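Can you build the whole structure from these sequences, using the hints too?
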Amino acid sequence: MAEHAIDFDNVSMEYDGVPVLNNINLYIRQNEFMTLLGPSGCGKTTMLRLIAGFEQPTDGRILLFGQDMNGKPPYERQVNTVFQRYALFPHLNVAQNIAFGLKLKKLPKAQIEQKVNSMLKLVGLSGFGDRGISRLSGGQQQRVAIARALVNEPEVLLLDEPLGALDLKFRQEMELELKRMQESLGITFVYVTHDQEEALAMSDAIAVLDGGSIQQIGSPVQIYNEPRNSFVADFIGESNIIDGVMMRDYLVFFAGHEFRCLDRGFHEGEPVRVVVRPEDIKLRRTREEGMIWGTVQSVQFMGVHYDIRVLGTDGFMWLVQSIHHFHPGEEVGFHLEPDDIHVMEVSSYDMVRVDDAGSSEL
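Plus 1 on top of the position in the sequence shown (first one is 1) and you've got this note's numbering.
Among the hints, erroneous ones may be present.
Calculated lysine-lysine pairs in the PhoX-like style (CA-CA distance at most 20 angstroms, straight line) [unchecked claim]:
(1) Lys180 to Lys170
(2) Lys116 to Lys104
(3) Lys106 to Lys116
(4) Lys180 to Lys122
(5) Lys110 to Lys122
Here are the simulated distance ranges between beta carbons [said to hold, decoys possible]:
(6) Ser185 to Arg136: 23 to 29 angstroms
(7) Leu320 to Tyr251: 33 to 39 angstroms
(8) Glu271 to Gly125: 50 to 56 angstroms
(9) Glu269 to Gly125: 55 to 61 angstroms
(10) Arg285 to Glu4: 50 to 56 angstroms
(11) Ser185 to Val246: 47 to 53 angstroms
(12) Glu77 to Ile243: 47 to 53 angstroms
(13) Ser41 to Glu174: 23 to 29 angstroms
(14) Lys106 to Glu338: 55 to 61 angstroms
(15) His326 to Gly128: 45 to 51 angstroms
(16) Pro74 to Asp315: 57 to 63 angstroms
(17) Ser138 to Thr287: 51 to 57 angstroms
(18) Arg285 to Gln223: 48 to 54 angstroms
Worth flagging that the hints you see were computed from the coordinates, not collected in a lab. Note that this is a predicted model, so its numbers are computed, not measured. Each residue gets a CB set at the ideal place from its N, CA and C atoms; glycine is no exception.
So this is what it looks like as structure tokens:
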């Protein structure tokens, strides 16, 4: 097993007595691309600030390569951070921005020039050294910020939603670039985002957070295909989440029918939550061909596929994604294979009650 680059050891954090992180235990391996994923206010940026040394935990320890970092200032840690607002110096050109940290270290001029040129090549900006920051696009400025962080040769690079200010096309291009850089440099990247598509595209591992706690840790495939609770299932991609009952191993009841599945280890008759991803549902033109049936309520063209809302006979509104067009009012059947169905335990996320005023409570 690879040595750990970062360890959170029972870490809790409070601001003015308000809990922000609750007993976090997490390790990040050397040379791993780890993403901290969750909604605003879940604690992911606080975790990044704790690694960088900008904050100190209320309880627990942060370890970098096995060494306790509690109490150590940022300049004593082999960590650099790239922020959403790139904080580049507008009065310096590209090369001068990248060289700023090296000049503070008083490295020889020739060595600084060599390192800057190497970084410009790495981030795809060769020949841009003399250009002013104001003459760069948002994507180019982001590359300069990354180069400035990497030129100091950190063992860990922290990235706090660095693609948030870019449009969709630039964001997708930079996702590929960031992953390429991480693999070529062989250093640990810790990436913070609320965008699940970014997380799935780049990460070796994802930690999904909500309410200051880690809900699930795993590879992108594990997180997407085997969500641990309704929050993860709903936050990572779109999902149909419906009540069910586990009849026995490999057999679950929901939507008025029994279905074969791949899940086991539940009690017979145990209430469960069933997840069916919209892209896994195969629509049939007649109700007789399906295991479930319903009536198409709406059809929305999304470019690659159609988003189709189908009201099932049990009253559940299904989301189906299909490359085939259907018409509102059309009766359709569903076909599901065992690996299209994922069964979860009922959790606190499934016990939210909505009152008449529209607010929710546990």
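Against the structure, the hints come out as follows:
1. Lys180 to Lys170: At roughly 16 angstroms apart (the allowed maximum being 20 angstroms), lysine 170 and lysine 180 satisfy the hint.
2. Lys116 to Lys104: Measuring from Cα to Cα gives roughly 12 angstroms; hence the hint holds.
3. Lys106 to Lys116: Holds, at roughly 13 angstroms.
4. Lys180 to Lys122: The hint holds at about 16 angstroms.
5. Lys110 to Lys122: 19 angstroms, holds
6. Ser185 to Arg136: 23 to 29 angstroms: 27 angstroms, holds
7. Leu320 to Tyr251: 33 to 39 angstroms: Since leucine 320 and tyrosine 251 have Cβ atoms about 26 angstroms apart, the given range 33 to 39 angstroms is violated.
8. Glu271 to Gly125: 50 to 56 angstroms: Given range 50 to 56 angstroms: holds, Cβ gap about 53 angstroms.
9. Glu269 to Gly125: 55 to 61 angstroms: 58 angstroms, holds
10. Arg285 to Glu4: 50 to 56 angstroms: 52 angstroms, holds
11. Ser185 to Val246: 47 to 53 angstroms: 51 angstroms, holds
12. Glu77 to Ile243: 47 to 53 angstroms: The hinted range 47 to 53 angstroms holds for glutamate 77 and isoleucine 243, with Cβ atoms some 52 angstroms apart.
13. Ser41 to Glu174: 23 to 29 angstroms: Given about 25 angstroms between the Cβ atoms, the range holds.
14. Lys106 to Glu338: 55 to 61 angstroms: 59 angstroms, holds
15. His326 to Gly128: 45 to 51 angstroms: 48 angstroms, holds
16. Pro74 to Asp315: 57 to 63 angstroms: 59 angstroms, holds
17. Ser138 to Thr287: 51 to 57 angstroms: This hint holds: roughly 52 angstroms between Cβ atoms.
18. Arg285 to Gln223: 48 to 54 angstroms: At roughly 30 angstroms between Cβ atoms, glutamine 223 and arginine 285 fall outside 48 to 54 angstroms, so the hint is violated.
Hints 7, 18 from the list above are not met by this structure, while the remaining hints are.
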